[in-house]
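Enquirer: The chain contents come next:
There are 2 protein chains.
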Amino acid sequence: MTRALEMAKSAAEMGEVPIGAVLVKDGNPLVEFHNLVETFNDPTAHAEMLVLRAACDMLDTPRLADCDLYVTLEPCPMCAQAISFARIRRLYFGAHDPKGGGVENGPRIFGQPTCYHKPEVYGGMQEQECGEILRKFFSERR
Amino acid sequence: MTRALEMAKSAAEMGEVPIGAVLVKDGNPLVEFHNLVETFNDPTAHAEMLVLRAACDMLDTPRLADCDLYVTLEPCPMCAQAISFARIRRLYFGAHDPKGGGVENGPRIFGQPTCYHKPEVYGGMQEQECGEILRKFFSERR
Chain A
1 MTRALEMAKS AAEMGEVPIG AVLVKDGNPL VEFHNLVETF NDPTAHAEML VLRAACDMLD
61 TPRLADCDLY VTLEPCPMCA QAISFARIRR LYFGAHDPKG GGVENGPRIF GQPTCYHKPE
121 VYGGMQEQEC GEILRKFFSE RR
Chain B
1 MTRALEMAKS AAEMGEVPIG AVLVKDGNPL VEFHNLVETF NDPTAHAEML VLRAACDMLD
61 TPRLADCDLY VTLEPCPMCA QAISFARIRR LYFGAHDPKG GGVENGPRIF GQPTCYHKPE
121 VYGGMQEQEC GEILRKFFSE RR
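Protein sequences appear in the order of chains A and B. Under the working numbering, the first sequence has 98 at position 98, and the numbering climbs by one with no breaks. Under the working numbering, the second sequence has 77 at position 77, and the numbering climbs by one with no breaks.
In this list, chains with the same sequence are indistinguishable; a pair is considered to hold if it fits within one copy or across any two.
Straight-line Cα separation of at most 30 Å, DSBU-like style, residue types lysine-lysine; simulated pairs:
| no. | residue 1 | residue 2 |
| --- | --- | --- |
| 1 | 136 | 118 |
| 2 | 99 | 118 |
| 3 | 9 | 136 |
| 4 | 136 | 99 |
It should be emphasised that the hints constitute simulated quantities derived from the structure, not laboratory data. Here the structure is a predicted model, which is why all the values come from computation and not from measurement.
Please model the complete structure; the sequences and the hints are all you need to start from.
Expert: This is the structure:
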């Protein structure tokens, strides 16, 4: 999560919303990204989506069994569903997101009866620090 | 929708799940894709996601105002949330999807209080034909 936070800080320096994600396979970090929505003009370029896509490409499979994902903010419904499709084993996230989250807020994607694969979820890791970087980013832009 | 169905048929010929999508801007088709999950080893490579990303890239913006999306199957929660993020004006879909849909089934993404942008939704267009191509595809694989 400390590495994901460093990614988030890099995002802020570029004017991107500071959210970072790291994918870990067999205990080793494999891919890391931060949000790149503005840079790529791509509304789907959330840190989690970029990490999942890059890892699938590297491992030559659309399913990331035995992989865990660390992300600084609770994933939105889009990312939560992609995490399920990619068969992520464990999801660790930092700050909870009552406005945009889709795991423990909003549609609670993994709790839907139609959700086929549900990762183990550990929320609230380094919550204070993960949330603070976002609050600082948005307060400076107001 | 007829063009989206043609895309779905091309997908089936490649062994991809036959779902097609077309993005229309100002009444003109701008981008079309079918599902490419297996080809790209990318669990996020649903027809809708590919269309949204390509259109944003072409128009150099992460927001597709005044654009409408036609897709042969009810979008899943991932695609529904991406459609909201991309600010699609109208969503037309073919077959309803009680098992994997996220618009009129499952988490009903656009009905969530936390969903910021909700497109107009028209479901069930050429429903029979859109559903039949999927049933045929899966029955041949069993």
